[in-house]
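Protein chains: 2
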Amino acid sequence: MKFKVAILGAGNVAWHLAPAIEDAGHEVTEVYARDLSSARKITERVYAAEPKDELDFSDSEAEIFILAVSDQAIPELADSVILPEGSILVHTSGAMSLDILGYSSATYTGIFYPLQSFTKSRKMEFEDVAFLLESDDEESLQKLRKLAKSLKSQYYNVRSKDRLAIHIAAVFASNFTNHMIRMSEEIMRRQGLDFEMLKPLIIEQISKALQIGAKNAQTGPASREDYETLENHHRFLDYNESFAEIYRLISQDIIDS
Amino acid sequence: MKFKVAILGAGNVAWHLAPAIEDAGHEVTEVYARDLSSARKITERVYAAEPKDELDFSDSEAEIFILAVSDQAIPELADSVILPEGSILVHTSGAMSLDILGYSSATYTGIFYPLQSFTKSRKMEFEDVAFLLESDDEESLQKLRKLAKSLKSQYYNVRSKDRLAIHIAAVFASNFTNHMIRMSEEIMRRQGLDFEMLKPLIIEQISKALQIGAKNAQTGPASREDYETLENHHRFLDYNESFAEIYRLISQDIIDS
Numbered sequence: 001m002k003f004k005v006a007i008l009g010a011g012n013v014a015w016h017l018a019p020a021i022e023d024a025g026h027e028v029t030e031v032y033a034r035d036l037s038s039a040r041k042i043t044e045r046v047y048a049a050e051p052k053d054e055l056d057f058s059d060s061e062a063e064i065f066i067l068a069v070s071d072q073a074i075p076e077l078a079d080s081v082i083l084p085e086g087s088i089l090v091h092t093s094g095a096m097s098l099d100i101l102g103y104s105s106a107t108y109t110g111i112f113y114p115l116q117s118f119t120k121s122r123k124m125e126f127e128d129v130a131f132l133l134e135s136d137d138e139e140s141l142q143k144l145r146k147l148a149k150s151l152k153s154q155y156y157n158v159r160s161k162d163r164l165a166i167h168i169a170a171v172f173a174s175n176f177t178n179h180m181i182r183m184s185e186e187i188m189r190r191q192g193l194d195f196e197m198l199k200p201l202i203i204e205q206i207s208k209a210l211q212i213g214a215k216n217a218q219t220g221p222a223s224r225e226d227y228e229t230l231e232n233h234h235r236f237l238d239y240n241e242s243f244a245e246i247y248r249l250i251s252q253d254i255i256d257s
Numbered sequence: 001m002k003f004k005v006a007i008l009g010a011g012n013v014a015w016h017l018a019p020a021i022e023d024a025g026h027e028v029t030e031v032y033a034r035d036l037s038s039a040r041k042i043t044e045r046v047y048a049a050e051p052k053d054e055l056d057f058s059d060s061e062a063e064i065f066i067l068a069v070s071d072q073a074i075p076e077l078a079d080s081v082i083l084p085e086g087s088i089l090v091h092t093s094g095a096m097s098l099d100i101l102g103y104s105s106a107t108y109t110g111i112f113y114p115l116q117s118f119t120k121s122r123k124m125e126f127e128d129v130a131f132l133l134e135s136d137d138e139e140s141l142q143k144l145r146k147l148a149k150s151l152k153s154q155y156y157n158v159r160s161k162d163r164l165a166i167h168i169a170a171v172f173a174s175n176f177t178n179h180m181i182r183m184s185e186e187i188m189r190r191q192g193l194d195f196e197m198l199k200p201l202i203i204e205q206i207s208k209a210l211q212i213g214a215k216n217a218q219t220g221p222a223s224r225e226d227y228e229t230l231e232n233h234h235r236f237l238d239y240n241e242s243f244a245e246i247y248r249l250i251s252q253d254i255i256d257s
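If you're matching them up, the sequences are chains A and B in order.
Reading the first sequence from the start, the letters are residues 1 to 257 in the UniProt record's numbering.
Reading the second sequence from the start, the letters are residues 1 to 257 in the UniProt record's numbering.
Where chains are identical, the list cannot tell them apart; a pair therefore holds if satisfied intra-copy or between any two copies.
List of simulated lysine-lysine pairs, BS3-like, C-alpha gap at most 27 Å: (1) 215 to 41; (2) 120 to 146; (3) 120 to 215; (4) 152 to 123; (5) 123 to 215; (6) 199 to 161; (7) 152 to 199; (8) 199 to 123; (9) 215 to 199; (10) 199 to 146; (11) 120 to 199.
Since the hints were derived computationally from the structure, they do not count as laboratory data.
Just so you know, these numbers come straight off a predicted model, no measurement behind them.
Isolated chain A, as found in the complex (with noise of 0.2 Å):
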């Protein structure tokens, strides 16, 4: 089943998502952004997609519209977005709910919200992308399935309450994660050292994490109970209060665990 597909945003998702979802064999019809300019940017990276900067798409042939904005955009891009009879409207958020689309012009809603880290420089396989899908209804649920699934993407049907935990859990074990790197990074770089040197770690730390579980792979001072190493380090990052309470609360955390 092939769909004509709108994307409304010119962000980070829709760069990745318009040319993958014209690779999987479906049609992108029109890109809108408040700015043409940026509409042009995702319609020069698909063959014949019109840049829009406004929202009437009542003479679109899309049948769906994937809101791909920040979560502070969306509810007012639903609410004036005027669309076709029939037409799926869906968000691509993990924080906001279903709800949030109630005032649309959509006949159907839902979320396709891809559980993913998206960077405009860096390629994406959307074989690496979990999308968490939801809809009150059942056809464009699945609809949303189907266009998961010629992504080549996972998909999970995951209600809004499950989503909020999910997104939660995400930031966790991805923005926080990369955080503690960029820390990492920067106790390095204050010394004069060379981050290099612990790339080898940080892999197999990873890996075992995914492999074993994260519980079963910890290592480390803290996990040892070792309070002595826990002081000395904590003295020597006296030099930034934040890093230093960072390093207290985590370390008791898995003290605790």
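Could you slot chain B onto chain A? The hints should help.
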């Protein structure tokens, strides 16, 4: 250059190091543990090492003695062990200074710290280990370099002061990233959700951080300063005070970075 090496200790590091040293063409002569049966578990992994539970090595043919024990056990063992003339005693700790070996009977002392996370149940490729080396004696340092090189490991000369910083950076990059994943596992489990769906996200995020740097790789509500989502997440975590506080603190540090 082939070495005769004795290992003092029977933990995770000894477990992986003993066969690796032998595979690299050296000879493991003795393995010491307070408990003879523990020593035997390691000697069974190599050709003909003698298990020992007493610390008189005056007749040992080994030239390099590797103290692979917990940080707490290092000083007493280093002070008690009797070593042959000309021997090099090294410890494998990221946290302890070189001075701690100062009262030992070794002619030379050094540090042979594998910057890696070892788990007995998991095979370790020494190509993926960075050894941090230190010695006041240039010839000993040269031998430690050769030993590391023969294991196909990377190695860096690092002073004790810098080794402390590297150890702290390693705790953030490895133990703390692992704990973030553990917290994520717990949030998912509590909700009855499958942690599998988060794995592609974690793999992509870490790969990205190592490739373009964690600062450039950051995404998520804190880096977008999306206070509404942060507040919703924080409220969700009310059930676990420690999780809520860690969420708040790391998010703030991401915002401030």
